[in-house]
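Novice: Okay, here's what each chain looks like letter by letter:
There are 2 protein chains.
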Amino acid sequence: MPTTTMGAVAAHFGRDIDRTLAKLPGIIEQARERGVDLLVLPDATIGGYLHDMYHPADEPLPPAVDLDGPEVAAVRQMAGDMVVCFGIAERARADGAEVRYNTAVCVHGDGVLGVHRKVHLPLGESEAYRPGTGFDAFDTPVGRIGMLIDFDKTFPESARSLALDGAQVIACLSAWPASVTDRSDRLRNDRQAHLFDLYDCARAAENQLYLVSANQTGVLGGLRFLGQAKVVDPAGEIVAKTWAKGGLAVATADVEADVARARRTMDHLRDRVESAYTLTARPAPEPDPSRTSP
Amino acid sequence: MPTTTMGAVAAHFGRDIDRTLAKLPGIIEQARERGVDLLVLPDATIGGYLHDMYHPADEPLPPAVDLDGPEVAAVRQMAGDMVVCFGIAERARADGAEVRYNTAVCVHGDGVLGVHRKVHLPLGESEAYRPGTGFDAFDTPVGRIGMLIDFDKTFPESARSLALDGAQVIACLSAWPASVTDRSDRLRNDRQAHLFDLYDCARAAENQLYLVSANQTGVLGGLRFLGQAKVVDPAGEIVAKTWAKGGLAVATADVEADVARARRTMDHLRDRVESAYTLTARPAPEPDPSRTSP
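So the protein sequences, as listed, match chains A and B.
For the first sequence, position 162 (counting from the first letter as 1) is numbered 162 according to the UniProt record's numbering, and the numbering increases by one without interruption.
For the second sequence, position 221 (counting from the first letter as 1) is numbered 221 according to the UniProt record's numbering, and the numbering increases by one without interruption.
Just to be clear, a hint being listed does not mean it is correct.
Treat identical chains as interchangeable: a pair holds within one or across any two.
As the list claims (entries may be wrong) - Taking lysine to aspartate or glutamate and the DMTMM-like style, the derived pairs with C-alpha atoms no more than 25 angstroms apart in a straight line are:
#1 Lys241 <-> Asp197
#2 Lys241 <-> Asp190
#3 Lys23 <-> Asp66
If you're looking for bench data, these hints aren't it; they were derived computationally from the structure.
The structure displayed is predicted, hence computed values, not measured ones.
When you get a sec, could you build the whole thing from the sequences and use the hints?
Specialist: Printed below as a string of structure tokens:
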């Protein structure tokens, strides 16, 4: 049975794109030596994350790159036959203007396999980025996968949408910081560290699929990133992890067989009862017909 | 500011209803002494759970009781001014026949405040019970709450439906057993024990509300129950818990203030992007119009 070796990176990537493009070959080669087929890098791999989530526009924004530009092409070339997910600040055009998205790109040597633009923009992020509009799985040489960025994984609807679209692996790309308002002496006791792990495990377990979660480390502007890269199996168990420092978490599995086994007796997708859920916000009150002109 | 004291029970309740009705006053009095306003008892408090989740009809089923029968009235009387959630096998009539539901009832001295019939029936449970059809929050003297039973909490749509319906506390009533297929020497390492805690914390955090989770303990038929009763705060942190043995987990909080504070900067209900989710199963293929008679 074919197995897939999944790697999740905890590392620091700053604003200097040349430095990142010089650092990436070493990380990718290390993953190759460990047999990695699917490598997930953090959000904002190319160009670094925001310095301040509340008022991002008060600081220089991360340098934006084009999907068909030289930076993405460079990672494609490094990837070769490996499938590599990484994060960028994407420059695009919409309505005749230049806009930016916080974007995850999945590549291998032959081209771009999938793109996801972050849907959920917390705090002041909408000053810096437009939101994406959907969650779509896509086919790769290592099977059907989906991607989430940062805050997306807080919302169970995100991973569920990908699972219902056939994803068997979810790549989570994060630049997830420690709590800004509620600092803890030890990173392991940090409230955001707890949530980061909690959502990784819950999304894998409730959807019965593999989740490969990468995160930034170190400090950028006012943010201290958590690391905690990991691979979670379809039972919600962490099968490989790093701590707060840089590292590579690697796990090998027969993804299709493991997902099928997890779903054999209790299938959390099949056993959903859609008719019982009320997942839309309550509609606004009906207009008063007596006040409507005929 | 008004506070609510929440209590979650880990205890064993078997098939003998008289014995349970003799045991409950002690548990409720103990909770009263600790100032509990909202007490959550396990699923199947009255009459015990199934002996076998795969083939429940091969064993005698739990005794069923009527919502307006003497057993529910007895708990109402014990409750007095306390709000008490507990589980029963409900006897009801549907389509002219006697049917059963796995039901959670919320009472206080003056009457029944809310009823939830388990929606998600795992494994062979549908041999024993009809499924419920929805998730609805309801108002109580301790605020607006909702209830989940057992497998319901595996599905994030369940708690989300309650949160969107205004619940600020979710009462989770369980008869959640240790893994049957994958026994562990120590209950704490059990796969189901991990999932039980994981879902409790994830549902509280992703919906930013209090979750009061009760569970059966001990052994019934072929099932060994996990206990692990707990109260989880809107950040997904366990603020009171029991272990696998019987006990009462108690926490006091200004629920409304804590929920509002948790949602102040990042509100997981407001920040949902409904248009981006694809939460319905893919539709069946359209019928071929050339084969449809005009």
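Novice: Each hint should be assessed against the structure and marked as holding or not.
Specialist: Checked hints:
1. For the homomeric pair Lys241 and Asp197, the shortest alpha-carbon distances inside one copy (10 angstroms) and between copies (20 angstroms) are both at most 25 angstroms.
2. In this homomeric assembly, Lys241 and Asp190 come within 25 angstroms of each other (Cα to Cα) both inside a single copy, at 17 angstroms, and across copies, at 20 angstroms.
3. Taking the shortest alpha-carbon separations for Lys23 and Asp66, only the intra-copy value of 20 angstroms comes in at or below 25 angstroms, while the best inter-copy value is 68 angstroms.
Checked against the numbered hints given earlier, this structure breaks none of them.
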